[in-house]
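Top to bottom, those sequences are chains R and X.
Start counting at 1 in the first sequence, then tack on 20, and there's your number in the numbering used here.
Start counting at 1 in the second sequence, then tack on 20, and there's your number in the numbering used here.
Be careful, since some hints might not be right.
The list cannot tell twin chains apart, which means a pair is met if one copy fits it or any two copies do.
To be verified - Straight-line Cα separation of at most 27 Å, DSSO-like style, residue types lysine-lysine; simulated pairs:
no.	residue 1	residue 2
1	Lys25	Lys179
2	Lys40	Lys145
3	Lys273	Lys262
4	Lys216	Lys145
5	Lys166	Lys144
6	Lys225	Lys144
7	Lys40	Lys24
8	Lys262	Lys179
9	Lys179	Lys216
10	Lys137	Lys216
11	Lys166	Lys211
12	Lys124	Lys179
13	Lys225	Lys211
14	Lys225	Lys145
15	Lys225	Lys58
16	Lys124	Lys25
17	Lys211	Lys145
18	Lys216	Lys262
19	Lys211	Lys124
20	Lys40	Lys225
21	Lys273	Lys211
22	Lys273	Lys225
23	Lys211	Lys58
FYI, nobody ran anything at the bench for these hints, they're computed from the structure.
Because the structure is a prediction, the values reported are computed rather than measured.
There are 2 protein chains.
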Amino acid sequence: MQNKKIVIFGSGNVAFHIGKAFLRNDYSILQVVGRSEKSTTILSELLNCSSNIGYNNINMDADIYILAVNDSSIAEIVDNVSFGDKLVIHTSGSITLDVFKSLKNYGVIYPLQTFSKQREIDMKKVPLFVEANNEQSMRNILSIAKQLSNNVELADSEKRKTLHLSAVFACNFTNHMLAISEQVLINHNLKFDYLKPLIIETLEKALQQSPLNIQTGPAVRNDHITIDRHLELLADSEEYQKLYSFVSESIIKMYSKQNK
Amino acid sequence: MQNKKIVIFGSGNVAFHIGKAFLRNDYSILQVVGRSEKSTTILSELLNCSSNIGYNNINMDADIYILAVNDSSIAEIVDNVSFGDKLVIHTSGSITLDVFKSLKNYGVIYPLQTFSKQREIDMKKVPLFVEANNEQSMRNILSIAKQLSNNVELADSEKRKTLHLSAVFACNFTNHMLAISEQVLINHNLKFDYLKPLIIETLEKALQQSPLNIQTGPAVRNDHITIDRHLELLADSEEYQKLYSFVSESIIKMYSKQNK
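Chain R on its own, in the form it takes in the complex (with noise of 0.2 Å):
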């Protein structure tokens, strides 16, 4: 693709990574079209570019338009910009590729990766999963994302929603148990730090071998003393409690399965 005149729709944690990412390919970023005037402005100062708030005085001198905005707002923004034959992108996961079907040229370009804007990212090495609706937006899509990464793989959208499904599984709610033991210790004046050595042997056998192999602790052991300890401790906090039945059940069957 000879023209890198792009537009980026959104201002959050994905169109700050992106655009960072394409600023660095020497993309020329025309605008930032945002809802927030707060963090559109932001965006668009540190891309060095103009800011559009809404959808009239949309920039359509650019070759791609990316929509890395929240999910339901990219019907949204089909509905209200008239692209013509211009190349249209979003970045979402689990929305499928046919949101864009009223248009010519399009596609997606999905990074499996948690963003925000206080930490850095080596967009090299984040894997972007990509769709488009013909070959010619097919090879622009490719030779755009390559730019971006060095981990580029085909997806079609049921595809992609899974992988967006098993990342909420290894991401959000690997996160949510790790702040569930931050907050039970909290509650007993102890100092999360303890806990760090565990949590990176934790995650760096289940890098190394596989989750599903190194399950360890009371449930797997099916230890109902150690788990019924656990939930009279729990007994202050009935939403922790259900939770922790709930996951060691689940735990428990898991592995009982496989046993058989």
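Got chain R sorted already, so can you dock chain X onto it with the hints?
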């Protein structure tokens, strides 16, 4: 403590790693006492000492007896062995000190870590939580623990139980979420490797900041459209579907409470 002759009960993961740590610190390990012929022999060969199965022929020449066994075996050992005034130490997170109340000198060294025989652990960095029944036992146990690790803390039985409970969330439950994400990918012929950059970033973020403050994903955004789509995708597994709903609800509750 002048004399460093010890006998280790147990031949599992904790006995294996704590035994190796004692050996590195020039303790004279007299015997490994176990239930499983095979693993007891292997560990005794590794520690260059005799092995013994059951309660006959236990070497009573040691100064220190380490009970690195299943929780349920601790009381059984106390009932079956005459320890006299020897120092007896267990390594369990959830067994209170009074399991030893019929003895004279005793305590606990609880290593807050997950151990597997296949993996090296730097014991110097493992937090060891100690408790003892009298001043002399405490002096001896502190001296032993400080030889094994640079990270020694006092913890009574209640504090230790809370640490163990939080460790179940941080280690076993975290690993279970990863195991399900792996299973979801396997079920769809996708590689778990795709998730590794995401998992590493999730963990680094949680450890640098605080898991309570960095939650992302559909649940914390209250994005019921994505949640419902994921539940549909999990239609072939009622078990995972329930877990997905349950953990999502728990995240929604945690953060709606915080925002009030």
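Hint-by-hint comparison with the structure:
no., hint, verdict
1, Lys25 to Lys179, "neither (30 Å within a copy, 59 Å between copies)"
2, Lys40 to Lys145, "within (15 Å within a copy, 38 Å between copies)"
3, Lys273 to Lys262, "both (16 Å within a copy, 13 Å between copies)"
4, Lys216 to Lys145, "both (25 Å within a copy, 10 Å between copies)"
5, Lys166 to Lys144, "within (9 Å within a copy, 44 Å between copies)"
6, Lys225 to Lys144, "both (25 Å within a copy, 19 Å between copies)"
7, Lys40 to Lys24, "within (14 Å within a copy, 60 Å between copies)"
8, Lys262 to Lys179, "between (32 Å within a copy, 22 Å between copies)"
9, Lys179 to Lys216, "between (34 Å within a copy, 17 Å between copies)"
10, Lys137 to Lys216, "both (24 Å within a copy, 20 Å between copies)"
11, Lys166 to Lys211, "between (43 Å within a copy, 20 Å between copies)"
12, Lys124 to Lys179, "within (23 Å within a copy, 63 Å between copies)"
13, Lys225 to Lys211, "both (23 Å within a copy, 17 Å between copies)"
14, Lys225 to Lys145, "both (21 Å within a copy, 17 Å between copies)"
15, Lys225 to Lys58, "between (42 Å within a copy, 25 Å between copies)"
16, Lys124 to Lys25, "within (18 Å within a copy, 79 Å between copies)"
17, Lys211 to Lys145, "between (33 Å within a copy, 16 Å between copies)"
18, Lys216 to Lys262, "within (25 Å within a copy, 29 Å between copies)"
19, Lys211 to Lys124, "neither (56 Å within a copy, 32 Å between copies)"
20, Lys40 to Lys225, "between (33 Å within a copy, 20 Å between copies)"
21, Lys273 to Lys211, "between (32 Å within a copy, 23 Å between copies)"
22, Lys273 to Lys225, "within (22 Å within a copy, 31 Å between copies)"
23, Lys211 to Lys58, "neither (36 Å within a copy, 39 Å between copies)"
Hint violations for this structure: numbers 1, 19, 23, all remaining hints satisfied.
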